[in-house]
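**Q** Using the hints, position chains X, U and V against chain P.
Protein chains in written order, with full-length UniProt numbering: chain P, 1 to 299; chain X, 1 to 299; chain U, 1 to 299; chain V, 1 to 299.
Simulated from the structure, these hints should not be mistaken for lab results.
You can trust all of the hints, since none of them are fake.
Below, a list of computed lysine-lysine pairs in the PhoX-like style, where the Cα atoms sit at most 25 Å apart: (1) X:K281 / U:K265; (2) X:K265 / U:K281; (3) V:K265 / P:K281; (4) X:K105 / X:K281; (5) U:K144 / U:K281; (6) P:K144 / P:K170; (7) P:K170 / P:K112; (8) U:K294 / V:K218; (9) P:K265 / V:K103; (10) P:K265 / P:K218; (11) U:K144 / X:K144; (12) X:K265 / U:K104; (13) V:K265 / P:K104; (14) P:K112 / V:K13; (15) P:K103 / P:K81; (16) U:K218 / U:K164; (17) V:K294 / U:K265; (18) P:K13 / P:K281; (19) X:K13 / U:K112.
So the chains spell out like this:
Number of protein chains: 4
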Amino acid sequence: MEMYLKTGRQPVKPYENNRARMLISCPDGPGIVAAVSRFLHEHGANIVQSDQYTMDPEGGMFFMRIEFDLEELDTHLASLKADFADIADKFEMQWNIYQLSRKKKLAIFVSKEDHCLVELLWQWQAGDLDAEISMVISNHPDMKEYVESFGIPYYHTPVTPETKQEAVQKQLEIVGDKVDLIILARYMQIVPPALIEPYRNRIINIHHSFLPAFVGGKPYAQAYERGVKIIGATAHYVTEELDGGPIIEQDVQRVSHRDDVNELKRIGRTIERVVLARAVKWHIEDRILVHQNKTVVFN
Amino acid sequence: MEMYLKTGRQPVKPYENNRARMLISCPDGPGIVAAVSRFLHEHGANIVQSDQYTMDPEGGMFFMRIEFDLEELDTHLASLKADFADIADKFEMQWNIYQLSRKKKLAIFVSKEDHCLVELLWQWQAGDLDAEISMVISNHPDMKEYVESFGIPYYHTPVTPETKQEAVQKQLEIVGDKVDLIILARYMQIVPPALIEPYRNRIINIHHSFLPAFVGGKPYAQAYERGVKIIGATAHYVTEELDGGPIIEQDVQRVSHRDDVNELKRIGRTIERVVLARAVKWHIEDRILVHQNKTVVFN
Amino acid sequence: MEMYLKTGRQPVKPYENNRARMLISCPDGPGIVAAVSRFLHEHGANIVQSDQYTMDPEGGMFFMRIEFDLEELDTHLASLKADFADIADKFEMQWNIYQLSRKKKLAIFVSKEDHCLVELLWQWQAGDLDAEISMVISNHPDMKEYVESFGIPYYHTPVTPETKQEAVQKQLEIVGDKVDLIILARYMQIVPPALIEPYRNRIINIHHSFLPAFVGGKPYAQAYERGVKIIGATAHYVTEELDGGPIIEQDVQRVSHRDDVNELKRIGRTIERVVLARAVKWHIEDRILVHQNKTVVFN
Amino acid sequence: MEMYLKTGRQPVKPYENNRARMLISCPDGPGIVAAVSRFLHEHGANIVQSDQYTMDPEGGMFFMRIEFDLEELDTHLASLKADFADIADKFEMQWNIYQLSRKKKLAIFVSKEDHCLVELLWQWQAGDLDAEISMVISNHPDMKEYVESFGIPYYHTPVTPETKQEAVQKQLEIVGDKVDLIILARYMQIVPPALIEPYRNRIINIHHSFLPAFVGGKPYAQAYERGVKIIGATAHYVTEELDGGPIIEQDVQRVSHRDDVNELKRIGRTIERVVLARAVKWHIEDRILVHQNKTVVFN
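Chain P on its own, in the form it takes in the complex (with noise of 0.2 Å):
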């Protein structure tokens, strides 16, 4: 299996060593955009690609994201940033610079259902998903040597009524915060707020409908039953309420009168893989931001 199933891990290339991206928010006024890039500028550094949008142009919110070169990035990062703390002070900014070479790292999790799993593997793999997977967590082991194959480590944390508490305990543990990103590719588990204080828009899930149709568990019975003639699937980051958070991603399938809840299962799946994976992919090339409940995205 090794010959074959060679790591999705991609080196560094020589040009995103000196490359960086910038993600700001903030309340929109005159200069943003002529502060930024004359600060960038004169710090030696070229803007590659820019993003920006203004939601509400009459008093409302200033969107921002910069790919940019600079000559010894590592060595000058600390300095560049200090000095922006002037620019970012002045026009309220939130905001961040996250480097090319530090490739983000991700925890999946995942229950019985391996479709997402395989998809988000194979994505990378085949050097789409430019991140480092640090581990899978799940509270089944059928997919413990699967995984393993791609050296990616594989926590089985068993989670029964009983033992709930003490997984929750354990998973909290094995992820701490070692990782940048988690995926909850069809974990079909409560997340426990305990994670996603510190991980606040930082937990992508997938859910199998077309959001804000269907929340809940059983979203293909739900559109069977109400005959819909489209199905979808949404991709969004958790936050406390269930099925609520800020949406990413979106997509759709036709369906007919001729497809019953395991047809609509079997076609949801692909639409569910698609998804979520280009959530993810946004979120690891830095082209998201959180407004709200909303995301805005640089795509």
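**A** Frame of chain P; chains X, U and V shown alone:
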């Protein structure tokens, strides 16, 4: 205007004189297709098109749509129907035969938003909706001249809190049992139960959301608030439950964080137009069977 | 008719008086964004929206669209442009500034098929196409009364093999340099080179296929013949090469073996309408930049 | 690995032992449906599902797919077929009966690109492709271990300019007449005519473009060059004409100027996977009839 705005009333084409469509629903069981096709064959009818569907093979429901030609249909239809009663009884069928030469009569209800009405009239005029538009009823006078320029009677029944009861009464009188299908083309008033009962499964409403998400009067505002990435529209038969009737057709369009409520409305108008027109076309062509709260659409 | 069919001519909204859009293309290089945003900031302009894109980061092309507000724009625009010349020269920019208060003038060419024209007029009337429709030109008289009922001049220039040269000459005179954009709304005649040259990247054609498949005059017949499962339409700028110009927008619809050529045409009409209207809207909103034979669309 | 990577080989379900599917093509004429359904009824068969389609009602072709149950099918099938010959002769039918208990045997050809193969194996393993994968044949050794971990024989037949003839000969021997369907899962070599003839309408290729656009070996480069706004993939039966055989299924995805050739390839891979898997599923389920160079797909 008359010169250009020719009517959409299509002449009966020669082949339509001898063509009919049969819709059948019954509990599933052996021998139905054989019995029906044999019956038609022995009565000299030639099946041009046939679709069938069995919902849940084990002890479920059987649905069938047959399009057939029969020489001198007008003369033979009564006896054909009488003869069919035996088979229908045996299999406990609900059934109907529709002659293509008897164009369905439509009543269109509309409020201020004109896009769905304009679309229906344009498709009708282009020859794509093979029916007779018997009347347009509105609580506003705005579209009167436009509608009348097509040679279609326009009834203005103003609705105010005080005159509501009176308006409903007047509408009931105007429509009576004169039409075969009522279309609510963004008619923003509640339809009286006195109209629903006699027109069971013969009133099509277009709801401006992807049901069951965003029931009620402000779906685009709700969609914006929730931050969905796809919006939609739903054509359904009207029942006593608001936006809860059998869904005929749905379609969607991708949106982004850049689209505010007005932009969602603008994008939505085209989805609404297209979805409503499809549902009306299918009803006119006898492609829809209703079972419980779902539709079987043979298209 | 006049009562209902109000014009789609929108009044200039107060904010539009001081708003402009700037489109820039130039070879990529460091400092462009900084230079442009600094320039605008120092001239008192506030950037409302900005998009940029670099094609092929290594030694490629840079494209930018900026929407900005400037007090008393009318008074200051000339000097703003003059001052910008330095930056433009330095970066070898092709650039333009468009005031929102100067609505673009459109000429629509149409033949017998009216659906694209009707859609454009309906969207215009609904306030979705913020432009002035200066004229409609046709080789048929059919739509004259309809178009004139919107208060739009209609020019009938019959085209026969004998009068072709004369008709073209007349069209050139009618259009002259009076408009900003020419729309071929299913105008089934070849456009003379004498019109293409002065209106380079300002003539939009709707082709009734998913280009580059099915170039030429009978795309639906070709699509039927080839047995495709999806049909489409393409809006593109007109060049000297038939159906070969830069593609602005495409969309598609699923079809099946049940759809004959006429049904393909019927389904296609709605795709054509929607695709053309989108392309026109984007052009009107200065969202399209052309480079070689491709478009960059900031939408 | 074996623990997790269970085979996708499905046991024959009890109801499948007595179920069969019948595919019929013939010139249209009166009484076909009646004759067939009467025949089946009189032979004790119960029709579970039936679809029919008449191409061009006036003097056209008739297509039918019937799924039926017959007690002790194995015992009665031979006589059923013999008895049906009369009807078949009378209506000049091309016809076939497929037992559900006889799973179709597949051979998959693959080159270096593994995504289509991985998708087929995953869907097979998930129970969505109800067939037997008899072998995988490749001109590369890369996937050997992976494929064999599913218990599927893997044949490596290297192809070089010198060994080409030899490789083809070896492939012909390996495949022989041992399989029911050959799948070219991004097999980038030309299939020898000696294989096409015996497997007429039983070789499915996935072409990585929206045919008939971009025939040949570099469709994504061509799509990028042409600046299309939507890319697609096409599954078709292989004929002697390159990329010219009957189209089974197509699907598309929106792209933008931001997507370079590599990004088009990445997006395209998911379209290819999904489209090929759908076509294979339909073939396995006997849903496809071929007439001239087109398919009738009952799905």
